[in-house]
Every structure is written in structure tokens, then in C-alpha cells.
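Peer 1: So the chains spell out like this:
2 protein chains.
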Amino acid sequence: MAKGIATRKENYSQWYNDIVIKADLAENSGVRGSMVIKPYGFAIWEKMKAQLDIMFKETGHENAYFPLLIPKSYFAKEASHVDGFAKECAVVTHYRLKTTEDGNIEVDQNAKLEEELIIRPTSETIIWSTYKKWIHSYRDLPILINQWANVMRWEMRTRLFLRTAEFLWQEGHTAHAKSSEAIAETNQMLEVYAEFAEKWMAMPVIKGSKSESERFAGALDTLSIEAMMQDGKALQAGTSHFLGQNFAKAFDVKYTSKEGKEEFVWASSWGVSTRLIGALIMAHSDDKGLVLPPKLAPIQVVIVPIFRSEEDLVKISEKIDPIIKNLRKLGISVKFDNRDTYRPGHKFAEYELKGVPVRLAIGMRDLENGTIELARRDTFEKKTYELKGIEELIENLMVEIQDNIFNKALKFREENTHTADTYEEFKNIIKNKSGFVYAHWDGTIETEEKIQEETKATIRNIPFDSPEEEGVCMVTGKPSKRRVLFAKSY
Amino acid sequence: MAKGIATRKENYSQWYNDIVIKADLAENSGVRGSMVIKPYGFAIWEKMKAQLDIMFKETGHENAYFPLLIPKSYFAKEASHVDGFAKECAVVTHYRLKTTEDGNIEVDQNAKLEEELIIRPTSETIIWSTYKKWIHSYRDLPILINQWANVMRWEMRTRLFLRTAEFLWQEGHTAHAKSSEAIAETNQMLEVYAEFAEKWMAMPVIKGSKSESERFAGALDTLSIEAMMQDGKALQAGTSHFLGQNFAKAFDVKYTSKEGKEEFVWASSWGVSTRLIGALIMAHSDDKGLVLPPKLAPIQVVIVPIFRSEEDLVKISEKIDPIIKNLRKLGISVKFDNRDTYRPGHKFAEYELKGVPVRLAIGMRDLENGTIELARRDTFEKKTYELKGIEELIENLMVEIQDNIFNKALKFREENTHTADTYEEFKNIIKNKSGFVYAHWDGTIETEEKIQEETKATIRNIPFDSPEEEGVCMVTGKPSKRRVLFAKSY
Numbered sequence: 001m002a003k004g005i006a007t008r009k010e011n012y013s014q015w016y017n018d019i020v021i022k023a024d025l026a027e028n029s030g031v032r033g034s035m036v037i038k039p040y041g042f043a044i045w046e047k048m049k050a051q052l053d054i055m056f057k058e059t060g061h062e063n064a065y066f067p068l069l070i071p072k073s074y075f076a077k078e079a080s081h082v083d084g085f086a087k088e089c090a091v092v093t094h095y096r097l098k099t100t101e102d103g104n105i106e107v108d109q110n111a112k113l114e115e116e117l118i119i120r121p122t123s124e125t126i127i128w129s130t131y132k133k134w135i136h137s138y139r140d141l142p143i144l145i146n147q148w149a150n151v152m153r154w155e156m157r158t159r160l161f162l163r164t165a166e167f168l169w170q171e172g173h174t175a176h177a178k179s180s181e182a183i184a185e186t187n188q189m190l191e192v193y194a195e196f197a198e199k200w201m202a203m204p205v206i207k208g209s210k211s212e213s214e215r216f217a218g219a220l221d222t223l224s225i226e227a228m229m230q231d232g233k234a235l236q237a238g239t240s241h242f243l244g245q246n247f248a249k250a251f252d253v254k255y256t257s258k259e260g261k262e263e264f265v266w267a268s269s270w271g272v273s274t275r276l277i278g279a280l281i282m283a284h285s286d287d288k289g290l291v292l293p294p295k296l297a298p299i300q301v302v303i304v305p306i307f308r309s310e311e312d313l314v315k316i317s318e319k320i321d322p323i324i325k326n327l328r329k330l331g332i333s334v335k336f337d338n339r340d341t342y343r344p345g346h347k348f349a350e351y352e353l354k355g356v357p358v359r360l361a362i363g364m365r366d367l368e369n370g371t372i373e374l375a376r377r378d379t380f381e382k383k384t385y386e387l388k389g390i391e392e393l394i395e396n397l398m399v400e401i402q403d404n405i406f407n408k409a410l411k412f413r414e415e416n417t418h419t420a421d422t423y424e425e426f427k428n429i430i431k432n433k434s435g436f437v438y439a440h441w442d443g444t445i446e447t448e449e450k451i452q453e454e455t456k457a458t459i460r461n462i463p464f465d466s467p468e469e470e471g472v473c474m475v476t477g478k479p480s481k482r483r484v485l486f487a488k489s490y
Numbered sequence: 001m002a003k004g005i006a007t008r009k010e011n012y013s014q015w016y017n018d019i020v021i022k023a024d025l026a027e028n029s030g031v032r033g034s035m036v037i038k039p040y041g042f043a044i045w046e047k048m049k050a051q052l053d054i055m056f057k058e059t060g061h062e063n064a065y066f067p068l069l070i071p072k073s074y075f076a077k078e079a080s081h082v083d084g085f086a087k088e089c090a091v092v093t094h095y096r097l098k099t100t101e102d103g104n105i106e107v108d109q110n111a112k113l114e115e116e117l118i119i120r121p122t123s124e125t126i127i128w129s130t131y132k133k134w135i136h137s138y139r140d141l142p143i144l145i146n147q148w149a150n151v152m153r154w155e156m157r158t159r160l161f162l163r164t165a166e167f168l169w170q171e172g173h174t175a176h177a178k179s180s181e182a183i184a185e186t187n188q189m190l191e192v193y194a195e196f197a198e199k200w201m202a203m204p205v206i207k208g209s210k211s212e213s214e215r216f217a218g219a220l221d222t223l224s225i226e227a228m229m230q231d232g233k234a235l236q237a238g239t240s241h242f243l244g245q246n247f248a249k250a251f252d253v254k255y256t257s258k259e260g261k262e263e264f265v266w267a268s269s270w271g272v273s274t275r276l277i278g279a280l281i282m283a284h285s286d287d288k289g290l291v292l293p294p295k296l297a298p299i300q301v302v303i304v305p306i307f308r309s310e311e312d313l314v315k316i317s318e319k320i321d322p323i324i325k326n327l328r329k330l331g332i333s334v335k336f337d338n339r340d341t342y343r344p345g346h347k348f349a350e351y352e353l354k355g356v357p358v359r360l361a362i363g364m365r366d367l368e369n370g371t372i373e374l375a376r377r378d379t380f381e382k383k384t385y386e387l388k389g390i391e392e393l394i395e396n397l398m399v400e401i402q403d404n405i406f407n408k409a410l411k412f413r414e415e416n417t418h419t420a421d422t423y424e425e426f427k428n429i430i431k432n433k434s435g436f437v438y439a440h441w442d443g444t445i446e447t448e449e450k451i452q453e454e455t456k457a458t459i460r461n462i463p464f465d466s467p468e469e470e471g472v473c474m475v476t477g478k479p480s481k482r483r484v485l486f487a488k489s490y
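For the protein sequence lines, the chains are Z and V, in the order given.
Heads up: the first sequence runs through residues 1 to 490, numbered per this note's numbering.
Heads up: the second sequence runs through residues 1 to 490, numbered per this note's numbering.
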């Protein structure tokens, strides 16, 4: 156990919080529910963003920017959408402060807005009010736009990264001539998210459709990727929505087809957020601190020189400089921590806490021997290597560590995935083992609600790869054609 | 004159607006004063952002993210700061909507915030309330942080990019142990902005200090870069502020020095915004549309095939594909516009309007001859070249066009820069010639205000490179040691 970090066993929730704070990722601000994302945490988000942005552009999307504030009337146009978000909206009502006679600052009541403005909780309404101006003919379609933005949902119980009032995200909003194209887009973006989660975050995910009750407010279908955290709970890591013509109808967005017919436009929207950082932490980290997959680590290799004098440090630096240059040429991010204000032991603990995948240490004896000590964060393996050829070894290690972290998470998920055939069995697993449970369900909201009330587990999704299998609902005994994925969740 | 664009001569302001709209850069939204930045405009911002971010990181800065909403009480802590911003603040007062019995959506009066929250117009207060937690010892300094964010200033008269209620920007906020370090940082970041403006935006700028009355609210010194637009007006393109200990004192941020003494921390802040896109447009564009310097052009080269049949297009594509690949290898962004829904003439006009630096056109005759037609956007020069070696020619042309656009803007500025020794002369220039005027000023706010009232020209800055020169104020006859820069401004 690292200094000041609870173990996962003794208090999982505290462990998570401790890591966020001690690894310098984020902290609570003086503004209720809003966090400060610190440089180290933000550097992870920048890496995520850069890769996702590449993947969005490769699939033909462009970025744009829409207003933060949405007039209340726009917001209210799509009925189920406003129902879904009304209870968590921050509302701007005035546009000026004034100084009172006794020198206090207060809201100027003469500067009241005629129509209140909502800070976007998501941007479908403002974007579709804009698409109305952009779309006239089939030639204007498809529109494939993404926005990187901050959004605000006034959550009552917040947790750093996992649920905050303000968070950063991307939201894709696409418009299509045909239903089939919008559905294909919805599927494609879920695949992009799954690829990102597995290949970059080293986090295996289950792809599937949400049940009706868990759909996005305004969607006909919501797809999700679900990942298992180390307490066995599921975390929804990304969603992609097929919106049908709901927003096109709400904002009267029609196009003239090649055949000269007027038709409503079809839509998708999809998003991932800074919540992914929470998922990344809970998927891989251990009781010593953060564990980062190399592809998302702001620092991939840290080099700690062991020196007693300025002279020693100069000698070590001379030896190490070309290695640093070579590693950087290979695209590996390296930090050489030559501070003399902290001892090596302190530095070792710091980088362990911060999840740096590879730590190198080199002292005067190593210089004589032409060696260097290498420690892996994922396995704690520590070994001394020849300096010569260390760059290639590290390059390969980046891949090996990435794979190892993924495989470890996959193994954990497999070990904690169960099937239940009876409701008793199901309740028993949820209560005593936690994890994912595949079980038959009759497809009704009533049964879903009953299960949630009695066990706190919910349907995470209806997995795409769940095989067809005749069965009966574990609760009602009604027929079911495939098992769905249940779990407690974040 | 291009279709639908006013000329600069007949209506400069309309010309600007026409270009923003016709080149698909941005448009007004349904939210008063807030714009939609369209994909093409946003792509320019992404290019600016990417380069600035590199420059910030090269100078040792890290990115982070602070809350959008600032409690009113934080905001009020620095007196001159709140004075400067109070009149343009969007205020959040409630956190929930509700549906009324007759189905309307209204603000839930039961969800009133105890303390109102301000949408950040700038983040000094929220950031310094956080730095208080981060800074204890000299070891914690310097802090060199930048934030990319949206901010909101409730402007009454807005213009796309130049002045909008919401805009995108970056804001650097640094904390230092010594006054001299904070001043050095303030200067360094102005140099970064100047280099970006000149080398990337191809826009010459005058670096200098603002006069006292034009300082940032809460700063001891504000530095700026000022560029000349094609109507002779100045546009402030970036500012860097030395904040002294004002915010440290307001938020009680002290550090213990090496010698064990408690001291207040010194600060700088600096920012540029989407306003730069407005500057870019007004610095270089012409009556045919946008003119973009290659380094910031989302599309640097467009290739338009001239074809009558699908067969022709296939032949052209075969010839062009390897050239596209070679250009991309050189880091040049290329678009091959093979749409058959528009004619070549339409495409030529479109890319001219959008300021694409180089346009290539290739038809069947060119295929036979092994040639291609190249048109430069900056000079309208059109010439036929051998296909062989065209990549290298284009690579060199990128540099040449970048330089040419800069030199043209510099020449324009020089031709429109004047000196005035008497107030009569000054008024005459401002009235009849416009442009920049170097003149002596006695250093008082009163004289500054008088000049502004009578001529609408203001002191843009006190240029760093204005030579020492004994003189007398053109208005009061009092002594002055150097000329300052006057102009009308945006």
C-alpha cells in the first residue's frame, strides 16, 4: 500500500478518490460539483482527445463549434429530450452585475433576460436549430460534425471524473438522407469507441444496445460500450444514438431528395467524456497508485539518475542524453528527473503513484558497467540491462506492457463474468460475487425495474455478440431469445 | 468583385461580413451575440491552436482545466477586476427547469442558487483561488499553466469573430516567486504572440505597452501586439499582463522563500482568442474573398480535374494520385475535388472565395502534354507547368506565398503609417488618411481622453521600438520622451 492510499479491498471508493488526488489528476473546486483538472490529468485527456480526433477525421468528420447557451424554447422542442434533462439544467437569467451603494456586488435586476438561457447539457437542440439553415437539398447531406466542448448537468452527487456538474466531452451530430445511413453511422461510431477503449485504453468492452428505459432522451436506439471496473461494477464508457427523425421533426429540418420529394432528415449523435479518465483509473490501477497503458501515458519513460555530486550528475547526463534523444526519435515521451531537491526514493514513489509505465535508474556503478536498471509499473519487475540496445528493448516493452494491461483486464472480466438461469442464482451472484451476469429477460420495462429495485443491478446492454438462445426470463418465465448483460454500475 | 461580396472600398464592414458568411467560416446563432463556428472556420482555429500549443509547451507551459462557473464572491475579490467585468457578466441563478401544469417549461423557483455563479469572462479569480491550495513553498513555483476554453462577455454590439458574447480562447496564468520572473514571463509570451502573428498569420505587428487607461482590469502592466487592418484601423491581436501581486493578495496566496520568509506570489496572464480569425481575414483578404497564408490554410492545394466523362476522370485520377501522395508526404494538405455535381468554374470560384493558396487544374490536353495549370490565390498568377517536379515547385511556393502575403501586409502598413508633430496635422491624418500615427503625448489620461473624444483615435500602445526622442505633447506642449502609436481601432 502506497502512502496515503486506501487499498481496493478495504475501501474501493476511497481508493479511487485517493488515486485521483495523490496522482495529481484532479480536485474538487470551490464551485459545487465542478472539478479542476490538473496538468497531469489534463495531459491524459489531451492524449485521448488527440487519438479520438484522428479517428473521427479518418471516418470523415469535421469539427465545429456551437453556442454554450441554449434558449429555453429550443430546449423544450423535443418532448422526451427536455424531460430527460430539465432537472439538471443550469439557467442563466441575468447578464449584468452591479455595485450597490455599500460596495457589495449584486445581480442587476434591470438586466434580466427576456428568455432564460440553459447551459448546454448536450447540444442536439442548438445544433438542429442550426442544421435547419444548412440543409435544403440531398446535396447538403450527409453532415458529419463533431464538437469538443464543456457541458453542464447539475448532478446532486458528484465524483471526480465519473460524475461532475461540468465535464468535457465530444459530441458528434450527424444528419443523413436515409435511415439506413444514420443507423450505419451510429454503429460505426460505436466501433470507433470500442476500438479506442480496447487498443488505447487497454480496456475490454462489451458492445450492445441499451434497453428502452436506458435510452438517451430523444433517441430511438442507444448503443453503448460497457467496461468492468475492479470492483466488478460496469461503467458505460461511450454511447452512440440513432435519433431517427425526432430532432428533424422538432426543428422542421427537411431536404429535397433527388426525386424532388421533401423528407425529414435522419440523425445520429454520439459522445465520450472525461469520464473515460475515471474508467481508465478503475480498470487498471492498483494499491500503489495509477497504472497507465503506454499509449495514454503523458510520460512513458522516466529516468532517475542516482548521484551524490554535481559531477556525478554531469557524467550520468552525458551518458543518458543520446539515449533520451533516441527514445524521442522513436516517439517515446521521456522525462529525465534530475532535480536535486528530492531523493531517488521519493522520485520512485512519485512515478509509481503516477503510473509511469517504465522507470529507469542509473548510478555511478551502472556507468562503470554500462548498465541501467529498468522497472515496469505493470508487473513491478525490476531488472538490470545493458545500456547498449536499451532503446529497442523499451520500444518493444511499450507494446508488451500495453498488451499485458489489456490482457489482465480481460482476464479479470472473464473471471468475474457469470451466467444465471434462475432469479435466485442471479440475486446470489449480484450479492456475493459482483461482476457481470448474463441472464434471460422478457424484454419488459416492468421486469427490468423489479430487478433493479430488488438487486440494484441493471441491464447494461443487450450485447451484439450474445448468441441466440431459446430461454425463459429468470423473473417471469416468459420466453427470451438471448441473454442480456446485467451488472451494478457507475 | 466576387458574387455577393461587397468591395472593400464601397463598404468595408459589409465586405468583412460577406467574407465570413460566403467563405463558410461562421454565422450568427439564435442566441444573441453567440456565433456558430462552421467547419471551415473551425479548421483555421484548429491550425492556430495546434501551433500556439506547441509554442506554449516549448516555453515550459502545461495545459489544465478550471471551472466554467465562478462564484460571485470570488469574482468580487479583486476590486478593479470586478469593476472591469461586472457590466458584461452572464449570471446563473437557478439549477432546474420544471414542467408546468399546462405543459410549459419554466425555471423552477425552488431551485435557486444560494450564491449566484458567473460564467467566466476570464479565469484569474477561479484560478487564483485554486493556486492558494497549490502554493506553499518556493519549491511549488513557478506554476506555468495554460487553459483552452470558452468565455463569455455580454457585449451589446457584436460582430462575428471580432466581438462576440461567447468566444474561444486560451488564457495563460502563471505564478512566480519573484517580480522579475513574472515580468520576464509577461514579455516572453508577448514575443510568442508576435512570432505567431508574423510567422504564421503573416501579419506584421507592433509590440508595446498599453497606456494606463487601457490596461487589463487588475494588471500593473498590459503588453499588446497591434496589427493594421486594410481600412487602416488597428486590431489588438494579443495581450500579456503583468498582474503584480494583485490576485495573490486578493486570494491570500503566499509562499515560503528559501530563506524562510513568507511572501506574496507574483503573477502574469496572457491570451489570444478566435478574434485572431477576424484579424487574419481583415489583414489579407481581397474583393474576391478570403486570402489565407499557407501555414494556416486548412486546404493548401486544391486539384480540380476537368473532365467530360467518367473515363476521363479515371485517367486524370491515375495521373494525379501519386502527386497527391507525394504532396502529403511533404506535409502539404491537398484536396482533390472530383465531384461531378459542380462544374469546374463553380469550383474555381468556391476555392478562390475560401482562400486556398494554390489551385491546380488538369484536363485531357494536359494529360497528353504532361502539364498542369497552377493558379496562385495571392497574386492571381496562372501558369502551366510540367507535371514532373510539380511537388517541389509547390513546396517552395508555400514559402513564397507565405512571405509574399506578409510583405504585402507590411508594405501596406508602412504606406499607411504617419508621424504627426502638431495636433492639427494629427487630426487631419486621422480624418483623411486613416492608418497609424506616431505622435508625442504627455503621458496623462486627460490628454488621452481628449484626443479620443475629438478624433476617435486612441493610443494603441507605447511601442517597444519607438526610439527615445525629445519632444512635446502635440496637445498640451508638455515634454515627452518618445512617440506613441495612435490609431482608430476595432
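Do not take every clue at face value.
What the hints assert, rightly or not - Only pairs whose alpha carbons sit at most 25 Å apart, straight line, appear in this in silico DMTMM-like list of lysine to aspartate or glutamate:
(1) V:Lys347 - V:Glu414
(2) V:Lys57 - Z:Asp221
(3) V:Lys329 - Z:Glu62
Said to hold, decoys possible - Rough simulated footprint, nothing fancy, chain V against chain Z, three-plus residues with beta-carbon under 8 Å:
(4) 56-66
(5) 124-135
Stated by the list, open to error - Sample of chain Z residues at the chain V side, in silico, Cβ under 8 Å:
(6) Lys72
(7) Ala76
(8) Trp154
(9) Leu168
(10) Lys258
(11) Glu259
(12) Gly260
(13) Glu262
(14) Ile299
(15) Gly345
Since the hints were made in silico from the structure, they are not lab data.
Note that CB positions come from ideal geometry on N, CA and C, so glycine has one too.
Peer 1: Tell me if the straight-line CA distance from Lys347 of chain V to Glu414 of chain V falls inside 25 Å.
Peer 2: violated, 36 Å
Peer 1: With 8 Å as the cut and Cβ atoms as the points, is Lys72 of chain Z at the interface with chain V?
Peer 2: holds, 6 Å
Peer 1: Taking 25 Å as the top limit, are the C-alpha atoms of Lys57 of chain V and Asp221 of chain Z close enough?
Peer 2: violated, 42 Å
Peer 1: Checking hints one by one. Is Ala76 of chain Z an interface residue toward chain V, by the C-beta closer than 8 Å rule?
Peer 2: With a minimum Cβ separation of about 4 Å from chain V (threshold 8 Å), the hint on Ala76 of chain Z holds.
Peer 1: Measuring from the C-beta of Ile299 of chain Z to each C-beta in chain V, is the shortest one below 8 Å?
Peer 2: violated, 12 Å
Peer 1: For the hint on Gly260 of chain Z, does the least C-beta distance to chain V fall short of 8 Å?
Peer 2: violated, 16 Å
Peer 1: Per the coverage rule (Cβ-Cβ under 8 Å, at least three residues), is the segment 124-135 of chain Z covered by chain V?
Peer 2: Per the Cβ count (4), the hint holds.
Peer 1: How about Trp154 of chain Z: closest beta carbon in chain V under 8 Å, or not?
Peer 2: Because about 4 Å separates Trp154 of chain Z from the closest Cβ in chain V, which is inside the 8 Å limit, the hint holds.
Peer 1: Would the hint on Glu259 of chain Z be counted as holding, given a Cβ-Cβ threshold of 8 Å to chain V?
Peer 2: Because about 16 Å separates Glu259 of chain Z from the closest Cβ in chain V, which is outside the 8 Å limit, the hint is violated.
Peer 1: Straight-line Cα separation of Lys329 of chain V and Glu62 of chain Z no greater than 25 Å?
Peer 2: holds, 22 Å
Peer 1: Minimum Cβ distance from Gly345 of chain Z to chain V below 8 Å?
Peer 2: Not OK, violated: Gly345 of chain Z not within 8 Å of chain V, min 17 Å.
Peer 1: At a threshold of 8 Å, is the proposed contact between Lys258 of chain Z and chain V supported by beta-carbon distances?
Peer 2: violated, 11 Å
Of the numbered hints listed earlier, those contradicted by the structure are 1, 2, 10, 11, 12, 13, 14 and 15.
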